[in-house]
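A.B. asks: Chain by chain, the residues:
Protein chains: 4
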Amino acid sequence: MPSQSLAELREQVLLANLALVKSGLVTLSWGNASGVDRVAGVMVIKPSGVPYDRLRSEDLVVVSIEDGRVVAGDLRPSSDTPTHLRLYRAFPEIGGVVHTHSRWATSWAQAGRSIPPFGTTHADHFHGAVPVTRPLLRDEVEGSYEAETGEVILETITSLGLGPVEMPGILVASHGPFTWGHDAPDAAANAVALEAVAAMASETIRLNPTAKPVPDYLIDRHYLRKHGPSAYYGQKDH
Amino acid sequence: MPSQSLAELREQVLLANLALVKSGLVTLSWGNASGVDRVAGVMVIKPSGVPYDRLRSEDLVVVSIEDGRVVAGDLRPSSDTPTHLRLYRAFPEIGGVVHTHSRWATSWAQAGRSIPPFGTTHADHFHGAVPVTRPLLRDEVEGSYEAETGEVILETITSLGLGPVEMPGILVASHGPFTWGHDAPDAAANAVALEAVAAMASETIRLNPTAKPVPDYLIDRHYLRKHGPSAYYGQKDH
Amino acid sequence: MPSQSLAELREQVLLANLALVKSGLVTLSWGNASGVDRVAGVMVIKPSGVPYDRLRSEDLVVVSIEDGRVVAGDLRPSSDTPTHLRLYRAFPEIGGVVHTHSRWATSWAQAGRSIPPFGTTHADHFHGAVPVTRPLLRDEVEGSYEAETGEVILETITSLGLGPVEMPGILVASHGPFTWGHDAPDAAANAVALEAVAAMASETIRLNPTAKPVPDYLIDRHYLRKHGPSAYYGQKDH
Amino acid sequence: MPSQSLAELREQVLLANLALVKSGLVTLSWGNASGVDRVAGVMVIKPSGVPYDRLRSEDLVVVSIEDGRVVAGDLRPSSDTPTHLRLYRAFPEIGGVVHTHSRWATSWAQAGRSIPPFGTTHADHFHGAVPVTRPLLRDEVEGSYEAETGEVILETITSLGLGPVEMPGILVASHGPFTWGHDAPDAAANAVALEAVAAMASETIRLNPTAKPVPDYLIDRHYLRKHGPSAYYGQKDH
Chain A
11 MPSQSLAELR EQVLLANLAL VKSGLVTLSW GNASGVDRVA GVMVIKPSGV
61 PYDRLRSEDL VVVSIEDGRV VAGDLRPSSD TPTHLRLYRA FPEIGGVVHT
111 HSRWATSWAQ AGRSIPPFGT THADHFHGAV PVTRPLLRDE VEGSYEAETG
161 EVILETITSL GLGPVEMPGI LVASHGPFTW GHDAPDAAAN AVALEAVAAM
211 ASETIRLNPT AKPVPDYLID RHYLRKHGPS AYYGQKDH
Chain B
11 MPSQSLAELR EQVLLANLAL VKSGLVTLSW GNASGVDRVA GVMVIKPSGV
61 PYDRLRSEDL VVVSIEDGRV VAGDLRPSSD TPTHLRLYRA FPEIGGVVHT
111 HSRWATSWAQ AGRSIPPFGT THADHFHGAV PVTRPLLRDE VEGSYEAETG
161 EVILETITSL GLGPVEMPGI LVASHGPFTW GHDAPDAAAN AVALEAVAAM
211 ASETIRLNPT AKPVPDYLID RHYLRKHGPS AYYGQKDH
Chain C
11 MPSQSLAELR EQVLLANLAL VKSGLVTLSW GNASGVDRVA GVMVIKPSGV
61 PYDRLRSEDL VVVSIEDGRV VAGDLRPSSD TPTHLRLYRA FPEIGGVVHT
111 HSRWATSWAQ AGRSIPPFGT THADHFHGAV PVTRPLLRDE VEGSYEAETG
161 EVILETITSL GLGPVEMPGI LVASHGPFTW GHDAPDAAAN AVALEAVAAM
211 ASETIRLNPT AKPVPDYLID RHYLRKHGPS AYYGQKDH
Chain D
11 MPSQSLAELR EQVLLANLAL VKSGLVTLSW GNASGVDRVA GVMVIKPSGV
61 PYDRLRSEDL VVVSIEDGRV VAGDLRPSSD TPTHLRLYRA FPEIGGVVHT
111 HSRWATSWAQ AGRSIPPFGT THADHFHGAV PVTRPLLRDE VEGSYEAETG
161 EVILETITSL GLGPVEMPGI LVASHGPFTW GHDAPDAAAN AVALEAVAAM
211 ASETIRLNPT AKPVPDYLID RHYLRKHGPS AYYGQKDH
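Listed in order, the protein sequences are those of chains A, B, C and D.
Sequential numbering of the first sequence, starting at 11, is according to the working numbering.
Sequential numbering of the second sequence, starting at 11, is according to the working numbering.
Sequential numbering of the third sequence, starting at 11, is according to the working numbering.
Sequential numbering of the fourth sequence, starting at 11, is according to the working numbering.
Honestly, the hints are just simulated from the structure, not real lab data.
Errors might be hidden in some of the hints.
Pairs involving identical chains hold if they fit within one copy or between any two copies, as the list cannot separate such chains.
[Stated by the list, open to error] Capping the alpha-carbon separation at 20 Å, the derived lysine to any residue pairs in SDA-like fashion look like this:
#1 236 x 226
#2 222 x 144
#3 236 x 158
#4 236 x 196
#5 32 x 241
#6 32 x 151
#7 222 x 147
#8 236 x 174
#9 236 x 156
With the hints as constraints, model all of the structure from the sequences given.
C.D. replies: Encoded structure:
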C-alpha cells in the first residue's frame, strides 16, 4: 500500500461509510467504518450518531491508536471506537474495520449461531464458518463495554486458531457483525459479503434442514483462487 | 425544545411523513405522522387518504388537542386522529406520534405477539419487549373505534408499568404499530427502528426457536448509553 | 365517473401499468393492466410481451368487449386478454383489471391457499378471505385457456356469494393474482394491497401457526369506514 | 439472428451484464454474462473482478471458443471462462451465458435441491424442474475446476434428456445458477426469471409443505404459448 495522506484516508473512510448505506446495510445511523494510518499511528472513524446523508469527510474523527485520544475533529467518535482500537492493536495486518446492524448477519448474531460455509460465495470471502462470540458477562457489559467487545472478538478468533486475513469477520453474540480488511473499503466489502452469505445460509437451512458445510477442498479452492499465492481471480494489479 | 412556529411544525410533520415513505414503511397511503405544539394546544396531522407524493405542508390538518376539532385545514384529518389525540393527552412527554402498516411490525401485531428484546439493536430504542395490546372488544370496535384504539394502547403501557420514553412504541393487535417520540421525526425514527427490530426478531426465532431475550444488564447498558443521564452515544447537543 | 376520451383512458391505463412496476410487482414484462370505456364498449390493454420501460400510450391495444376483436393498435394485445374480457362482461361495476405475478400473492396461488384476513390492512381492501380458484382441468388448459381462466374466477367469486366490489381480487391456482376496481388505477392499487396483505399473512402464520382470522365486526368496521355509505376514510370527493 | 459486428456484440454483452445489476441479481462484482459470435468463433465476456459501475464495453475480453485463448482485451477474462466455453461448445443453439450468485437461486443450489415447477411463472421459462447438479468430486475441484463445472452441467442436462432451449438454466450444487439463451440479454432474462421462480418456490413450500408440481399439460401450455411453433405470447417479430 503506497503512503497516503490523512486527507486521502478521510476520503476513503467516508466512501466506505457511504458504501454501507448504498449496499442497504444501514438503518438510521447504525454502523460505522474506520481506517488507519499505521505510520501516523491514528485511526479515522465516523462520529457518533451523525446521519449518513449529512456526513462529510471533515466530520470524521482522528483517534490515536495507542491511547484512544481524539487527535483531530470536533465531534465525538463512534461509541464503538474502543472496539475498533482493540482490533487494530491486535491485528497489524488490517487497515479497516466495519460494524453494522445489517439484518441477516445480526439475526445470526442474535440467534447465537456461527454461519456454516454452505457454498462458494461464502468460501470466496471467509475461510470456514464465520464464528459467533460467547455472550459478554455482566461484568464486561457493566465495565468497559465496548473495549470488552473487542476483547471477546479477539478471544474468539484466537481460540479458533484463525487469523484476521482468512477470517475477516465475526458475529458478536446478541449484537451484530464486525468485519475488517486491508483498508476501509475492503472491510466494507466484507460486510456486504457477510450479509449476503448470512441471508443465503438462512434460506439454505430452511430448504434443507440437514444441509452440510461444503468440504474443505472446495473452501480451499475458492479461498485460494482469490487470496492464495497463485490467485487467478480479479486483475493482477489488484 | 425551543419555541417553534406553526409553519415550522407543519414542515417538520411533513418531513416525518415523507421519511416513512423513504424508509420503505409505507404502502399506498397507509400510515400517518403527527406533531404537537403544546403551547398552542394543537396537533398537526396528515390528511386522510392523500397520496404521499402529492402531500404539501399546507395540506396538513391542525386539530385541537383538547376537543379534537379541526382548527385549520381544508381536508379531513387522518381517520386515526382520535388515537393520536389520546396519546398526546396521556403522555405530556411526547411531541410526535406515528402509525404505519409496515410489513414486519404489522405481522407481529397480526400474530398477537410482543417482540422480545433479542439484541442490542432492540435495546438501543426499546427498554424491554415491545408489547402487543389485547384485541379490541366488539363494543369497542363498533363504538368510537379509533379512540378506543388509543385507550387500549394506554391500558397496555400502563398495566406493564412502562412510561412513554422507555417504551416509545406498541403493536395494536390485528392492526399494526404505533410509535411516539419527543417530536414527529423522533417518532418516525422509532417506527423505522421498530420495523428493523421486528424483522430481525422474526429471523432470530427461525434460526433459534429457543432464543432467549438478552439479560437486563445488556438492555440497561444500551438504553442508558443513548438515553440515560450519562449518555455517550451521539453528539452532546443532540 | 365523468365521460372520458379514449386518449385519456389510454393515458390512465398506461399509468396503471407503470404503477405496477414502480410498486415492485413486476419482473421482466410479466403483468398487465386494462381499463374500459363502457359507452364505447372497448377495453384498452397492454400489448403482449412489450418491455415496460418502452411502453407508450399509443402501444396500448383497444379491444371490443363484446367480441374481443382488436379495434385499434398495431400490436397484439396481452395474451391474458380473454381473461380480462370475461371479467368486464360479468362485472358491470368494474372499470379496470390487473394481473401480475407478484412474489407473495403468486406464492399463495401456487400453494393453493386462500389468504385469511389476519388484520385491518386486509379488511381495508378485501371483505373477507381472498379466495383461490380450483385448479383448471386438462380440457380447460388445452382449450380456450385464458377464457377458461376467466370462467373459473367467476365461478369462484359467485359460488362464495361474493360481489366484485367487496372482493376486488382473487388468486388463480398455480398461476397468480388478478385484481379489479372502478378503474385501472384502482385495480392497480388493489394489486399492491393484495401483495402487501399476502406478505404479512405469510409472516403472521410463521409467527403464530394457529393465528385466527379477525372477527367479522372488525372486518366490517374497516371495510365500511372506507367503502360504506357513511365512509369517513379519505376525502369526501374521493 | 442477423450478422453483428464485434462492437455490437460487446455493447450487447455489456448491457446484459448491467441488466443483472439493475435486476438486483448482483452483489459486489459477483456474476458475469457472455455472448458469442459463432462466425468469428469468439466469445465476449466480462473481465474478472472488475466493479460493474466502472465496466465499459472496451474492458470486455474476447476469447477464442475453440481453445480459450484471449484474442483481444487487456484484462483477464472472468475466472468462470472455462465454464462458459464448455457450454458454447456443447450447445450450438445458444448465444449467451450468464452466471450469478443471486440470493434465492443460490440458496436452492446450496440446499442441493432442484426447483419444482409450482406454477405458470416457472412454466413460462423452464420446461420442467430446474435441475441441480451433483457435487463436484475432490479431483474435479482440485483439477481444472471451472472446466469441470461446465462438464457437470452438461452431464446433468444430458442425463435428464433435456435440451438447452427447453431448459435454459441449472443450479450448480453448493455454488449457484447458470443460465443461457439465444443471446446474452436472453440469458440475463432467464437469470432474472430463475431468481423469481426460486423465491416463489421457497415461499410455496413454506405455505404448503406438500405442494405438488403443476401437471404436464399446464407446463406444456405455458411453455408452448411462448416458445412453440404457434406461440402467441409477445409480438410476432420477437
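A.B. asks: If a hint holds in the structure, say so; if it doesn't, say that too.
C.D. replies: Now the hints, each set against the structure:
no.: 1; hint: 236 x 226; verdict: within (16 Å within a copy, 44 Å between copies)
no.: 2; hint: 222 x 144; verdict: between (23 Å within a copy, 14 Å between copies)
no.: 3; hint: 236 x 158; verdict: between (33 Å within a copy, 18 Å between copies)
no.: 4; hint: 236 x 196; verdict: within (14 Å within a copy, 30 Å between copies)
no.: 5; hint: 32 x 241; verdict: neither (29 Å within a copy, 29 Å between copies)
no.: 6; hint: 32 x 151; verdict: neither (32 Å within a copy, 35 Å between copies)
no.: 7; hint: 222 x 147; verdict: between (32 Å within a copy, 15 Å between copies)
no.: 8; hint: 236 x 174; verdict: within (16 Å within a copy, 31 Å between copies)
no.: 9; hint: 236 x 156; verdict: between (33 Å within a copy, 14 Å between copies)
Of the numbered hints stated above, those contradicted by the structure are hints 5, 6, listed in ascending order.
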